[in-house]
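Produce the entire structure from the sequences given, and follow the hints as far as they go.
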Amino acid sequence: MIRCFDGERPAFVLDAGHTTYAFRILPTGQAEHLYYGKKIELADAAELAPLEEQHVYAPGNTVIYDNEHPEYSLEDMCLELSSLGKGDLREPFIELWHKDGGRTSDFVYDSHSISKDKPEGELPGAYSAGGEAEHLTVVFKDKNYGVTLELHYYVFDECIVRSARLINTSGDDIRVLRFMSQQLDIPQSGLAVTSFHGAWTAEMQKSTVTLPAGKLVIESRAGCSSSRANPFFMVHDPNASESSGDCWGFNLIYSGDHYAAVEVSFYGKTRIAQGINPTGFEFLLKSGESLSSPEAVISYSSEGFTGLSRNLHFFVREHVVRGRWKYKPRPVLLNSWEACYFKISEGGLLSLAKAGKELGAELFVVDDGWFGARNDDKHSLGDWTPDSKKLPHGVAGLAKKLNAMGIKMGLWFEPEMVNTDSELFRAHPDWVMHINGKAHSEGRNQRLLDLVNPAVQDFIIKSVGDILSSADISYVKWDFNRVFSDVYSPYLPPERQGETVYRYQLGLYRVMRELTQRFPEVLFEGCASGGNRFDLGILSFFPQIWASDNTDAVSRAAIQEGYSYGYPLSVIGAHISCCPNHQTMRDAPLETRFNVAAFGLMGLELDLRDVTKAEKQKLKNQ
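Here the sequence shown is numbered in the numbering used here, starting from 1 and rising by one per residue.
Everything labelled a hint here was simulated from the structure, so no lab data went into it.
With a straight-line Cα cutoff of 20 Å, these simulated PhoX-like cross-link-like pairs (lysine-lysine) come out: (1) Lys86 / Lys143; (2) Lys357 / Lys400; (3) Lys286 / Lys143; (4) Lys286 / Lys99; (5) Lys86 / Lys99; (6) Lys354 / Lys620.
Shown next as structure tokens:
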């Protein structure tokens, strides 16, 4: 529920489940954050008075906002929105560069509205079953340049979703150098921050630090949300446990470079800001144009980590994951990768699928190696035509034989990438992200297609769509096996290259949106060398994500526990693999491998033709 206490200075109260979020407009026009915690009953504006911080004079050598209010220094206020130049020296929410060279912004309250709309934009966002959500819009205007900034708040069960929209009403072009999605100022210090970091095969490793002073940054500069630092993190009482203690959770519905900072001021206040990573970001906003930030999800629980996880799990299941697979039990799949790698043939695949079917597998997934001249990772990526030597009857013929066997077929794609040794690259070198005439640093022998370019988006939609239309395909594994380097879109002019990563995400979301709408029955699973792009942006289109290329049960126990703090188990892909494990060489009992995989979306990834009769019986029972 959203309430506005109108008056000389409006105040806003957002009740989300068992929590209350409150802020008011200061006499100077800024929005002061008052409270985010356990639900409190507030009948009118007068009852907000105990939450308002009293200021008699500005401390020490701080900057006074204006002469009419000598008691206010923005550096010592809890704010909903901050900017550069008016005395707040902490993390800014927004940074603009104007035509006259000025970088000072002075956004003050202009108006507000309350509605039940939840519009869809180019960026994915949360949704509700009825298409409505309680929605507060607070509009601010820059006193000097006339730029308009909207703060949007959506209330869901136990969660609040925040985003911002910048509208260039200045009359001149401006450059956006920083644009966050949410800012939360808490009037205390010494809180703990738990974030989740890692690397390939070691995703979501939990790290907790207490922050009495200074600043902690959680960020990705990889071009994707990345395994280096997941966009989900928590701020909490240092003594919080699984069942007690104040906990605030934060996540971002976005798959690109993200940034979060937790900063303690010299006056004992903690600022938490999250949004697009400002490093490398510069957006040219022409007069009359607008720019939207990704939606940020925030939640609070007084019942420790478990209480916070319950809030977030419910939110992801109900308001992020969508489509026909939202509530459907997922099939037990058998993936060909660790059994075959690139050495596949129709006969070998059918024999492997038959062994899986006999044990109870419901879906057989043909992984990398089925297309072009793909015998290793150096060739043919981007050439999405079946290899007639490996699949003499094509994808459609293999699908028919699998279906006749009583098992459904899935297929691996990596649509965003290309090998330089491919027909696609030879035909369209201008479709590849690179800096003209400069050496390019590659990952996994492949380059990124420039999804900023609508022609590239159209190609991916058509090439993947043609394959899915040609055969009875029930599942797609969508991979993404490298991070960005030499970031440059040949489609954009030089002065707009700072928009590349953001516009890439818009292109990616358009591709995913069109394909999932065109093929609603297909189960899409996101993958990025495992969990290199495990985020709410991907989950807005694909109902599940492969958690890690590490299938070792001992490693997976820690990885899956890390995910479980912020993501429900119904979105986490987890497989039983062989021993010794292909990543760690560790041996683990089959019971252990099953028990760990069963916490997620259980599948199989091993050569069942080499499994003993006793192990087959165990797998069948499992």
